[in-house]
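Participant: Residue numbers (the numbering used here), protein chains in the order written: chain A, 19 to 124; chain B, 19 to 124; chain C, 40 to 158; chain D, 40 to 158; chain E, 125 to 244; chain F, 125 to 244.
Derived by calculation from the structure, the hints in this document are not laboratory data. Positions of the beta carbon are idealized from the N, C-alpha and C atoms, including for glycine.
Using C-beta positions, here's what the derived DEER-type ranges look like:
(1) F/S127 - A/P23: 21 to 27 Å
(2) A/P97 - C/G111: 55 to 61 Å
(3) B/D100 - E/T224: 34 to 40 Å
(4) C/G139 - E/H201: 21 to 27 Å
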Amino acid sequence: MNTPPGVLHTVNKSPFASASLESCLRHLSEGASLLLIEDGVYAALTGSAFSERLATAARQHALYVLGPDLEARGLAGRPLVDGLQIVDYQDFVRLAAEHATVHAWF
Amino acid sequence: MNTPPGVLHTVNKSPFASASLESCLRHLSEGASLLLIEDGVYAALTGSAFSERLATAARQHALYVLGPDLEARGLAGRPLVDGLQIVDYQDFVRLAAEHATVHAWF
Amino acid sequence: MKFAILVNTGPFSHQATESALAFAQAVLASEHELIRVFFYFDGVHNANRLAAPSNGERNLVRAWSKLASERGVDLVVCIAAGLRRGVREANLAPGFRISGLGQLVEAGILADRLITFGA
Amino acid sequence: MKFAILVNTGPFSHQATESALAFAQAVLASEHELIRVFFYFDGVHNANRLAAPSNGERNLVRAWSKLASERGVDLVVCIAAGLRRGVREANLAPGFRISGLGQLVEAGILADRLITFGA
Amino acid sequence: MASKRFLFVNRKAPFGSGQAGEMLDAALIAASFDQHVHLAFLDDGVFQLIKHQRPDTLEQRDFASTFLDLAEYDIDHVWVERDSLAERGLTETDLLIPVTLVDRATLSRMMADIDVVISA
Amino acid sequence: MASKRFLFVNRKAPFGSGQAGEMLDAALIAASFDQHVHLAFLDDGVFQLIKHQRPDTLEQRDFASTFLDLAEYDIDHVWVERDSLAERGLTETDLLIPVTLVDRATLSRMMADIDVVISA
Numbered sequence: 019m020n021t022p023p024g025v026l027h028t029v030n031k032s033p034f035a036s037a038s039l040e041s042c043l044r045h046l047s048e049g050a051s052l053l054l055i056e057d058g059v060y061a062a063l064t065g066s067a068f069s070e071r072l073a074t075a076a077r078q079h080a081l082y083v084l085g086p087d088l089e090a091r092g093l094a095g096r097p098l099v100d101g102l103q104i105v106d107y108q109d110f111v112r113l114a115a116e117h118a119t120v121h122a123w124f
Numbered sequence: 019m020n021t022p023p024g025v026l027h028t029v030n031k032s033p034f035a036s037a038s039l040e041s042c043l044r045h046l047s048e049g050a051s052l053l054l055i056e057d058g059v060y061a062a063l064t065g066s067a068f069s070e071r072l073a074t075a076a077r078q079h080a081l082y083v084l085g086p087d088l089e090a091r092g093l094a095g096r097p098l099v100d101g102l103q104i105v106d107y108q109d110f111v112r113l114a115a116e117h118a119t120v121h122a123w124f
Numbered sequence: 040m041k042f043a044i045l046v047n048t049g050p051f052s053h054q055a056t057e058s059a060l061a062f063a064q065a066v067l068a069s070e071h072e073l074i075r076v077f078f079y080f081d082g083v084h085n086a087n088r089l090a091a092p093s094n095g096e097r098n099l100v101r102a103w104s105k106l107a108s109e110r111g112v113d114l115v116v117c118i119a120a121g122l123r124r125g126v127r128e129a130n131l132a133p134g135f136r137i138s139g140l141g142q143l144v145e146a147g148i149l150a151d152r153l154i155t156f157g158a
Numbered sequence: 040m041k042f043a044i045l046v047n048t049g050p051f052s053h054q055a056t057e058s059a060l061a062f063a064q065a066v067l068a069s070e071h072e073l074i075r076v077f078f079y080f081d082g083v084h085n086a087n088r089l090a091a092p093s094n095g096e097r098n099l100v101r102a103w104s105k106l107a108s109e110r111g112v113d114l115v116v117c118i119a120a121g122l123r124r125g126v127r128e129a130n131l132a133p134g135f136r137i138s139g140l141g142q143l144v145e146a147g148i149l150a151d152r153l154i155t156f157g158a
Numbered sequence: 125m126a127s128k129r130f131l132f133v134n135r136k137a138p139f140g141s142g143q144a145g146e147m148l149d150a151a152l153i154a155a156s157f158d159q160h161v162h163l164a165f166l167d168d169g170v171f172q173l174i175k176h177q178r179p180d181t182l183e184q185r186d187f188a189s190t191f192l193d194l195a196e197y198d199i200d201h202v203w204v205e206r207d208s209l210a211e212r213g214l215t216e217t218d219l220l221i222p223v224t225l226v227d228r229a230t231l232s233r234m235m236a237d238i239d240v241v242i243s244a
Numbered sequence: 125m126a127s128k129r130f131l132f133v134n135r136k137a138p139f140g141s142g143q144a145g146e147m148l149d150a151a152l153i154a155a156s157f158d159q160h161v162h163l164a165f166l167d168d169g170v171f172q173l174i175k176h177q178r179p180d181t182l183e184q185r186d187f188a189s190t191f192l193d194l195a196e197y198d199i200d201h202v203w204v205e206r207d208s209l210a211e212r213g214l215t216e217t218d219l220l221i222p223v224t225l226v227d228r229a230t231l232s233r234m235m236a237d238i239d240v241v242i243s244a
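Generate the whole structure from the sequences, applying the supplied hints.
Facilitator: Okay, structure coming up:
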């Protein structure tokens, strides 16, 4: 295995209801990645009050969004913020293994 | 009893963590009052990122803050945003009776 | 004036539970009447008699039961919400009764004010 | 690689509970090992065997128990958090065991990755 | 029994917390008691009404499909806040059912003219 | 057993949710297992450390007073984010105990250099 690239952050709150995602984005250090899960996936919507904020973060960090949570919420077919990668639970496990630690924000 | 003056809104979330107080403030109609309880009382702090927002609302609506919740949080002796009235649970009951309905935001 | 209370949160989970209890006590200390407390959503955990907080911690389940025994307050746990979360006759604390959501609607109809405590 | 999971939320309260279960299943389906799931805070409600959701609703308590019986996953409920909230031997679902917070710390020490699911 | 105007205020997204489905249950029961039931969707509550939801993906109960039957329960007042939709990049065409779209100021007035408010 | 660097991330206000006290319990147990325990307070978590709290007003457990004894548990790393204090109109003098005040960028780096993260 290569040197772990840094911290995998997870956020499970909607950016419209909670300050957790905004706080997490402000605390991403070098090599950190972010995985949006549960209500966190609403941040991936385009044309929202949060889209530009997430797009900016996507230019500096690897950003992932959990596919099953998009699908449950009716967002599977919609355009998403540029630079987001859709992953499944197997990928979530792989990402957790590849990063040094997992830091959950909620 | 006089004609009820409108809706009594309660908010129990911190304005720094949740969008609930901001949303409530945007939905105060004429004659509405607001009572801050639980973590909502943190909005009463002066010098915070939210103080000015609350002070503005206090110029248009009756704003109350629950004393026991301030006290528990170590805020009893601190300066609070202008125009806020500190109340106790007996006042909470009285306010609920004097308003037409109670609308809880959380 | 008739008051009713809706409790949506459980003990040790959110302060809304304690606020609901304090509000109930304040209604009982006033000239008003408390016709019912309805426990819905995670609020059903308030009725679990197996709760046994350690010394120095508050036993909210017992505090509710006391409102029923000493002041005759009607404490109603939603049957469906309770079953989902494991609160039913087998572990129901004294003073609570289990019934349907109709009891919440009825409380809304009969009371002059219905106050929600949630999170 | 060794994984451990911390579950802070109860069933029907927050999706974090279901995410924790799905993550546990994904670890078991991978080349990695799941050494322990620790239930803390409101997470202790996952171990209440009295939960009986209606038809068409998922029984998360049973789903956890199945992980223990079929895959030998170690499911540990914090004793203090459980007592506070009314989850103890009397209503403990099969496959769970009750122990102290030391089991969470030990999981953090022994596992290569500890993942928290909360709200 | 008397007939009152009940308002159910939906501000939470559908799956994250389990509250959305239980709120709808309460609204249906209120309707069965011949009360005047009003549903307001604002803030993240508007996500409850989005098309193409797949609760089965999470093995969750499909309460969204119940929205399709609201008229059968004589629930005609479904208010959705236009501002909340816009902030989330959504429009009326994203919604599962026909609703009464209102702006924030109007919804505030409508929510004030009610007898009983139940929120989640 | 091996000794690891545990980080307990406190982002929640003390009374609203019941999580703050149970987080502290977990940190104390980790210290008793001879682990390197680090406490980070940011966002609303900084409210946990405010002076003059009166949990007895709510008949809640007084876990804040336990902060006074952290050194006895060999917990020396207590990090507080300066930016979070400022946003809330607070300063170092409002805090119950001496802490290591760090800015957001520094705290982000410190939180990344850890073996186990437990958050609430």
